[in-house]
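Enquirer: Once you've looked at the hints, dock chain V against the given chain F.
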Amino acid sequence: MTVHPKMTIENKNKVEDRPDISICAYQQALHDFLSKNNFVSFRQLDEKEIYCFVTGIQNVKDLFNPKEKFQFIKNPINPESSRLLDNPHFLYEYFKEKGYKTSEPKPIVNSNGTTLFISSGVQILENVFQNEDQIPQEHIFVAQPVFRTQYIEFVDEGISTSFINVSIESINKTTADHFQNLQNLLNFFDALGLRKNDYHFEIDHKDSKWGDKKHRQQRIKIYYQGLEIGDALFIENFPQNSRDYLQISDIGFGLERLKWVLRGGSYWEQITSGACTDYTSKTIDFTRTLSLLAGSGVVPHFKAHGYRFRLLSKRLTEECIREKRRQDLDILADSFYDQWSNWTRFTTPKEEAINLIRRERVRNFNAELISRLKEFYYDVDVDISKPTEEVVMLLRGTSANPKHVQDILQEMGGPIK
Amino acid sequence: MNGKIFLSGGGSEKDTYDFDKEFVNSLQSRKILYVPVAMERDPLGYESCYDWIISSLTQFNDKLVDITMCINLRNEVFSNLDRFDAVYIGGGNTYRLLDEIYSAGIDKHLSRFIDKGGSYYGGSAGAIIMGKSIDTVLEENDKNYKYHEGLKKAGCYSFIAHFDIKNDDKIQKINTFLLNHKSPVIAIPEGTGLIIENKSIRTIGKLPAFAFRPNEKKREIIARSFFNFLRDEG
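Sequences listed follow chains F and V, in order.
Numbering (our numbering) for the first sequence: 237 to 653.
Numbering (our numbering) for the second sequence: 27 to 260.
It should be emphasised that the hints constitute simulated quantities derived from the structure, not laboratory data.
One or more hints might be untrue.
Said to hold, decoys possible - Think about it this way: if two alpha-carbon atoms lie no more than 20 Å apart in a straight line, the pair counts; the simulated SDA-like pairs of lysine to any residue are: (1) V:K89 - F:V535; (2) F:K622 - F:R632; (3) F:K445 - V:G71.
For clarity, every value in this text was computed on a predicted model and none was experimentally measured.
Bound conformation, chain F alone (with noise of 0.2 Å):
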């Protein structure tokens, strides 16, 4: 077992405020887990303080290769369990019998908590942290629905802006716990068919702030050939008013990930269960991610909680106007809404959502066509909010010549369904 210097017990890293047993606790059971799962020190990473620890020794010089990286894809490891994590019961029947207590996830929209919607499985505990609720004594699994923002505009393979975090939560348990976790989601992967000689981990820690209270992180990225599937945090110090600091221990991966990597093939094939391949991969992630939105109660408007799903149906309509596509998106929509209502509990019915995402993409729609004519004509400001025909109608009584009104929208790929 070769452990790099920095990460032994002896140059222990100091944080402040807290006695240095915690870290020397977190390195020693650190220590003991990768020793057991044969994992081995490779090479610390970009000059940065991150270390890489792989099992398949053979497999370390192409572990950065880009040509080796990936090889789910044309290889897939086991389709067939991958059907499996389609049924949310499997999980929680799987975690709940390992001993864990199940939750059921928060809905996507926040209220009175530190982001407008839930990015990550960890905000089960959000009023334990944050409000000083009771903590919980068990460890507590939940598989989330959660809306990231910050990859709206790099949706590709592997990325989307709305995903299941499945997650095991625990608080002021020990390190051992922590990595007994671990070692747990390390077996469900195993039970489903991934091989050990294929994940490397990355090790770092960093400083981090949630809300107003600084902490301090220690993580392990969890890849498999290459792909990032998962990460535990183990957060040492995470402040408190009227009580002692909090140690978190933060456990999960995304779903569609560890489904992709089980079924092979491309990643919004399995997103859409292999039935939509003619989109583009905006298309499906956009359609997919306001269905969870319409679903979850949250109406367009240009601030707060409807500002994402405005600015998500702008996104979603450029990129049908740059494929030049009359798509009816409504069957995706219809899809997906019964994708999500498998794992979280909608407030608006499947119709009205799917009405919801529909006018205003027609309202986005109508805003790029008024936008374009207005490089030629001044008086052309009318309502956008009516279906494009009826707009299209009220252009003629502006001086907008129709003949050219009619260019444009077929320049855009011609009026939304």
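Expert: Same frame as chain F, now just chain V:
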């Protein structure tokens, strides 16, 4: 023609309301690239940053302000800044921010964007990096970062944010900087902002901003209208 540069001294959303309003209303199509990397955050933290920016910049009218957040400076979005009206870089650790910018090589993209007429908004650390040197906040260099020279978008001036005329410690820091760098500093209080346009500066905010120059005991209040800083070029 150069674009407008908005430099905020920091403060709460309420403090900077007038300045932020001026910024948003100056944008033609209200498309903003928001870069919060001066703060080291996890994904949850960056979601909070996004919540904050939409809360700050969507309060002035009912038109959609189209804000794109980017936390990876190596992303190709920086090689195509022309699709935005403005780049907004928020506060945090100034040295970390400058290190990220130079390491990713986006300083050239940012400079070109501003030179071609794009607007820039810098909050605190984001403001300081537009100056000649960022050593006005030397105490922030907690990890021995190697870059000290800013993007020099205000001639020979450097900037300091969160300035308080009653804070002797801040003034001492400025005096030390003047002694070591022999170049002037503009100190911006919280709630006040500078707008640099065509090599002139004007301020918005309740408190004045000050110019400190080497070998001059007197500090100069920067006028609300226009303050020409061409004379200090060199």
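Enquirer: Take the hints in turn and mark each one as holding or not.
Expert: Comparing the hints with the structure gives:
As the CA atoms of V:K89 and F:V535 are separated by approximately 16 Å, the hinted pair is consistent with the 20 Å bound. This hinted pair checks out: F:K622 and F:R632 have alpha carbons roughly 15 Å apart, not beyond 20 Å. This hinted pair checks out: F:K445 and V:G71 have alpha carbons roughly 7 Å apart, not beyond 20 Å.
Against the hints set out earlier in the document, no violation occurs for any number.
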